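The primary structure of each chain is shown beneath.
There are 2 protein chains.
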Amino acid sequence: MNSIKNIEVVYSPALLPFYQLNNKIVVVIDILRATTSICVAFNTGVNKILPVASPEECALFKDFDFLCAAERNAEKIPGFDMGNSPFEFQNPLLKDRNIAFTTTNGTKAIKMCKELGAEKIVIGSFLNLAYLSNWLKNQHLDVVLLCAGWKNKVNLEDTLFAGAVVDMLEGHLIATCDSGLMAQQLFKTNAHQLILLVRKSSHAQRFKLLNHHTDDVAFCLQLNTTPVLPILSGEYIINHIQ
Amino acid sequence: MNSIKNIEVVYSPALLPFYQLNNKIVVVIDILRATTSICVAFNTGVNKILPVASPEECALFKDFDFLCAAERNAEKIPGFDMGNSPFEFQNPLLKDRNIAFTTTNGTKAIKMCKELGAEKIVIGSFLNLAYLSNWLKNQHLDVVLLCAGWKNKVNLEDTLFAGAVVDMLEGHLIATCDSGLMAQQLFKTNAHQLILLVRKSSHAQRFKLLNHHTDDVAFCLQLNTTPVLPILSGEYIINHIQ
Numbered sequence: 001m002n003s004i005k006n007i008e009v010v011y012s013p014a015l016l017p018f019y020q021l022n023n024k025i026v027v028v029i030d031i032l033r034a035t036t037s038i039c040v041a042f043n044t045g046v047n048k049i050l051p052v053a054s055p056e057e058c059a060l061f062k063d064f065d066f067l068c069a070a071e072r073n074a075e076k077i078p079g080f081d082m083g084n085s086p087f088e089f090q091n092p093l094l095k096d097r098n099i100a101f102t103t104t105n106g107t108k109a110i111k112m113c114k115e116l117g118a119e120k121i122v123i124g125s126f127l128n129l130a131y132l133s134n135w136l137k138n139q140h141l142d143v144v145l146l147c148a149g150w151k152n153k154v155n156l157e158d159t160l161f162a163g164a165v166v167d168m169l170e171g172h173l174i175a176t177c178d179s180g181l182m183a184q185q186l187f188k189t190n191a192h193q194l195i196l197l198v199r200k201s202s203h204a205q206r207f208k209l210l211n212h213h214t215d216d217v218a219f220c221l222q223l224n225t226t227p228v229l230p231i232l233s234g235e236y237i238i239n240h241i242q
Numbered sequence: 001m002n003s004i005k006n007i008e009v010v011y012s013p014a015l016l017p018f019y020q021l022n023n024k025i026v027v028v029i030d031i032l033r034a035t036t037s038i039c040v041a042f043n044t045g046v047n048k049i050l051p052v053a054s055p056e057e058c059a060l061f062k063d064f065d066f067l068c069a070a071e072r073n074a075e076k077i078p079g080f081d082m083g084n085s086p087f088e089f090q091n092p093l094l095k096d097r098n099i100a101f102t103t104t105n106g107t108k109a110i111k112m113c114k115e116l117g118a119e120k121i122v123i124g125s126f127l128n129l130a131y132l133s134n135w136l137k138n139q140h141l142d143v144v145l146l147c148a149g150w151k152n153k154v155n156l157e158d159t160l161f162a163g164a165v166v167d168m169l170e171g172h173l174i175a176t177c178d179s180g181l182m183a184q185q186l187f188k189t190n191a192h193q194l195i196l197l198v199r200k201s202s203h204a205q206r207f208k209l210l211n212h213h214t215d216d217v218a219f220c221l222q223l224n225t226t227p228v229l230p231i232l233s234g235e236y237i238i239n240h241i242q
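Top line first, the protein sequences correspond to chains A and B. Residue 16 in the numbering used here sits at position 16 of the first sequence; the count goes up by one each step and never skips. Residue 72 in the numbering used here sits at position 72 of the second sequence; the count goes up by one each step and never skips.
No wet-lab data here; the hints were simulated from the structure. Treat the hints loosely; a few may be bogus.
The list cannot tell twin chains apart, which means a pair is met if one copy fits it or any two copies do.
To be verified - Calculated pairs, DSS-like style, for lysine-lysine (alpha carbon to alpha carbon, straight line, at most 25 Å):
1) Lys5 / Lys151
2) Lys5 / Lys200
3) Lys153 / Lys114
4) Lys153 / Lys5
Treat the numbers as computed from the prediction; the structure is a model and nothing was measured.
Can you make the complete structure from the sequences, with help from the hints?
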């Protein structure tokens, strides 16, 4: 029997304990910028990515021939190979390499899903929206979309993306929770002006204050440029070959 | 100096610990139905309301000539004078009486704000939207809008109301957080069809399953029918005379 699967949206990692994750697929969403950068990395040909909790832990992996990427408060930590800008993950020298990665929100959210017993944990961004959505349609499990947010607060860009996924899956999965309904409506109302809206977000304002030199907002809102499906396998994120 | 005040929206009591409440006014929002019922009660002429944590504690106040109202999971608890339907609080016999009140989400949220050190705690619903908003404009404190939600999950009707308040206060208070921006947009997009939208909410579906006899959804979405400002004073909620 092919019963209708359910899709839920969780607006902050702090709300995750109120959801049941067993036998569910969790999509981790950190549009600005961890999950976008992870999609770019696999599109570049990275072998595997190890999400780690702290910069200190991340640095240890230098000795094992990992590249080490670390970001806190939207800035690259000095001494690491990379920060968290997706542009850094386009470098062809990354092909076949392993990366240890720690960020303010995204990598923590991934580890939390694992601890709470999710069946599968995958990575979503606007860059793999269609590829991810098609894969989710063909799975036989309920889906939880987890917005990584900003230090446990709700953010705009992750919610918009969750709404985009709910919208893509309409007719295949049903959003019974209010958070799914709200996210979908937010996305549909703004589909024609995503960049304009996200430039108003608190995280985009943070980039502005930090005087970032690349336009990460526009980059992270590109649609379907990386046909990859990053999935957690043991401790590592790998690219799932469909 | 009259600096621009800030307004933040908190989508669930579980997110409240990530906000600073000192020197702020918190508006507690539980549209379906606790904060609506509280507005109705004061409009009927109730003297004061004591929010309590548990039905057991609530029942104790019968001995002190309180009327006792208790709801859990959208149903009145048997043996109490009232549940949580706003229709019950229109009874003229309530005039000048004191009420002890416990509900699934709303009264818990009120107590939490107090514990976290909010300067002032007031009650919001569509029924006192304009009256509340005008009062907030004339205060000299930042504002936090707290959605009581459903068992720590985000809900539609509380978020819609938060968006309505952000919208009413535009030009007077500024929403710097993404949650305020999102709530305002949700409200503006749906201002013409609030009842229709809220009938799709998970809580409205819950009422349907319970076969409620009154149309609480339509009642709770009435605009500006009760010119009252319920405010916490010590342990009690009273009607603040402006």
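Which of the numbered hints are not met once you compare them with the structure shown?
No numbers; nothing is violated.
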